[in-house]
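Protein chains in written order, with this note's numbering: chain D, 6 to 427; chain X, 1359 to 1476.
To be clear, the hints were calculated from the coordinates, so they are not data collected in a lab. Each residue gets a CB set at the ideal place from its N, CA and C atoms; glycine is no exception. Hints should not be assumed to be uniformly reliable.
[As the list claims (entries may be wrong)] Straight-line Cα separation of at most 30 Å, DSS-like style, residue types lysine-lysine; simulated pairs:
{"no.": "1", "chain 1": "X", "residue 1": "K1409", "chain 2": "D", "residue 2": "K338"}
{"no.": "2", "chain 1": "D", "residue 1": "K68", "chain 2": "X", "residue 2": "K1409"}
{"no.": "3", "chain 1": "D", "residue 1": "K359", "chain 2": "D", "residue 2": "K325"}
[To be verified] Not the full set, but computed from the structure, chain X residues with beta-carbon under 8 Å of chain D:
{"no.": "4", "residue": "K1409"}
{"no.": "5", "residue": "T1413"}
{"no.": "6", "residue": "I1455"}
[Claimed, not checked] Interface residues of chain D toward chain X, partial, derived using beta-carbon atoms under 7 Å:
{"no.": "7", "residue": "I58"}
{"no.": "8", "residue": "H59"}
{"no.": "9", "residue": "L64"}
{"no.": "10", "residue": "K68"}
{"no.": "11", "residue": "S72"}
{"no.": "12", "residue": "P74"}
{"no.": "13", "residue": "E75"}
{"no.": "14", "residue": "A78"}
{"no.": "15", "residue": "L185"}
{"no.": "16", "residue": "V208"}
{"no.": "17", "residue": "T251"}
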Amino acid sequence: MGENKMKLNYDIVVIGGGPAGLAAAISAYDNGARDILVIEREKRLGGILRQCIHNGFGLTRFKESLSGPEYSARFIEELKKREIDVALETTVLSLTQDKKVQVINEQGVFTISAKAVILAMGCRERSRGALNIPGSRPAGIYSAGTAQKYINLNGYMPGKRVVILGSGDIGLIMARRMTLEGAKVLAVSEIMPYSSGLKRNIVQCLNDFDIPLYLSHTITEIRGDKRVTGVTISQVDENKRPIKGTEKHFECDTILFSVGLIPENEITKSANIPLSPRTRGAVVYQNRETLVDGIFACGNTIQVHDLVDFVSEESEIAGKAAATYILEGAKEKDSVATINGNNIGYVLPHRIDKNQKGHVKLFFRVTSTFRNCVINVVSGGEVIASKKRNIAVPGEMETLILTQDKIALLSDDITVELKEGV
Amino acid sequence: MSENIKNLTCIECPMGCSITVRVENGVAIEVSGNNCVRGKLYAENEVVCPKRVITTTVRLTNGDVVSVKTNMPVEKSKVFEIMQKINKVVASAPVRIGDVLVEDIGCGASLVATDDRD
Chain D
6 MGENKMKLNY DIVVIGGGPA GLAAAISAYD NGARDILVIE REKRLGGILR QCIHNGFGLT
66 RFKESLSGPE YSARFIEELK KREIDVALET TVLSLTQDKK VQVINEQGVF TISAKAVILA
126 MGCRERSRGA LNIPGSRPAG IYSAGTAQKY INLNGYMPGK RVVILGSGDI GLIMARRMTL
186 EGAKVLAVSE IMPYSSGLKR NIVQCLNDFD IPLYLSHTIT EIRGDKRVTG VTISQVDENK
246 RPIKGTEKHF ECDTILFSVG LIPENEITKS ANIPLSPRTR GAVVYQNRET LVDGIFACGN
306 TIQVHDLVDF VSEESEIAGK AAATYILEGA KEKDSVATIN GNNIGYVLPH RIDKNQKGHV
366 KLFFRVTSTF RNCVINVVSG GEVIASKKRN IAVPGEMETL ILTQDKIALL SDDITVELKE
426 GV
Chain X
1359 MSENIKNLTC IECPMGCSIT VRVENGVAIE VSGNNCVRGK LYAENEVVCP KRVITTTVRL
1419 TNGDVVSVKT NMPVEKSKVF EIMQKINKVV ASAPVRIGDV LVEDIGCGAS LVATDDRD
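Use the sequences and the hints to build the structure in full.
Structure, rendered in structure tokens:
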């Protein structure tokens, strides 16, 4: 690998050296592309996995339970076996539709010309500012991922008595992590009547340590002048309004926010690449090409995945497609849109190009908890794929395979919908 | 003879299967609801002696930290005891993934590095 080497012209530039970028670059190489650069803003490859030191990664892909650094190391090792350039500590400032990538690093500001670009920037945490939390603004309030970085990479504890808002997986993981390091986690407060985290994390991160999870609760007051001294949570009604008289007070020095992830797309916006209001990432075809020829996107930058294994899988699709684009050039498309119907939050890919060969795996999320339901893919009034679910929850991404023979016959947009009580 | 039914959520993989275990004299005699053999093993162990892999960090002499894990699950009731031992460990760089930092940190498990540090 040409470690920290950067030319000014490449066939393929991959933006981001996390799990998506690594898998995409390796796949592009293995499908025949040769002149590839991975740009990473941190000192090391691996992305967010570097701070995810807990295990449970790789069960689908490697059939074993790995920590985040171990999972990414497998890909970094593969990358190093190939002639792929890597630019570390290099930040992308902007991108244009004709694939000029402006970057900055210690050496200065450069414009790299690419023939194809793969967007693999991942996602970012929703901030407190994106919510409406009343109370003062003292120190001691962190996003769960920031606390994770402080503890796992920098080696210091952000606090001793902790209340966590939101029951996303990172919040649950951090409840356990801080408890192991001697902090007291007093409560996890979740505004929804269900946790958005995986059941296994409720068990092994909360129940194992008798940490209470308050469903249908939210923070209604944060106290403290210089540092957080306490927090009040209240039960909410069906309209998510706090119910008077249900307040619970906790004395704490730290509040963690684990309230969801948003695809990171500042660079995508700089190139005016069309975004989907549903997924908040680029609109993509099944080969993960955006609506701009030769610009591809994969991983959490287009949809926030539950499992890194699926990020790798999706990114290999994008890497292969980018290699095909380099070797064979742009191809004409004949596409239909995918639409989220009843009880479905989004569907990805957003468009299906009938000229592309192979089956298509549709990814989607349901909008709330449903039992004994059936999920149908409908086109032209006909059900072309279907599956039954005993239970479907928004926290778990659903998939359905559309076979190539069905795709070839599509004449109309397709809608994914969920029906209850069947 | 004592017999009872325990309901568990499997933690082996993200599916989080709801598992029902029939326990007789402290031993699992029937496991249902699991979708794989890992779930069966998990349930059988969980009703006898719950065990967990510990993942945490260890301080390096240069002030940095490196992530580590126990190379096998350890008794859940010993987790904090073992954490205290781990927090006293100081390793020296370079460290490579898979390096054994402590041979027996408790319950017969080794403490193994899960990341590289130069």
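Status of each hint after checking the structure:
{"no.": "1", "hint": "K1409(X) to K338(D)", "verdict": "54 Å, violated"}
{"no.": "2", "hint": "K68(D) to K1409(X)", "verdict": "20 Å, holds"}
{"no.": "3", "hint": "K359(D) to K325(D)", "verdict": "18 Å, holds"}
{"no.": "4", "hint": "K1409", "verdict": "11 Å, violated"}
{"no.": "5", "hint": "T1413", "verdict": "5 Å, holds"}
{"no.": "6", "hint": "I1455", "verdict": "6 Å, holds"}
{"no.": "7", "hint": "I58", "verdict": "4 Å, holds"}
{"no.": "8", "hint": "H59", "verdict": "5 Å, holds"}
{"no.": "9", "hint": "L64", "verdict": "5 Å, holds"}
{"no.": "10", "hint": "K68", "verdict": "10 Å, violated"}
{"no.": "11", "hint": "S72", "verdict": "4 Å, holds"}
{"no.": "12", "hint": "P74", "verdict": "4 Å, holds"}
{"no.": "13", "hint": "E75", "verdict": "5 Å, holds"}
{"no.": "14", "hint": "A78", "verdict": "6 Å, holds"}
{"no.": "15", "hint": "L185", "verdict": "5 Å, holds"}
{"no.": "16", "hint": "V208", "verdict": "5 Å, holds"}
{"no.": "17", "hint": "T251", "verdict": "28 Å, violated"}
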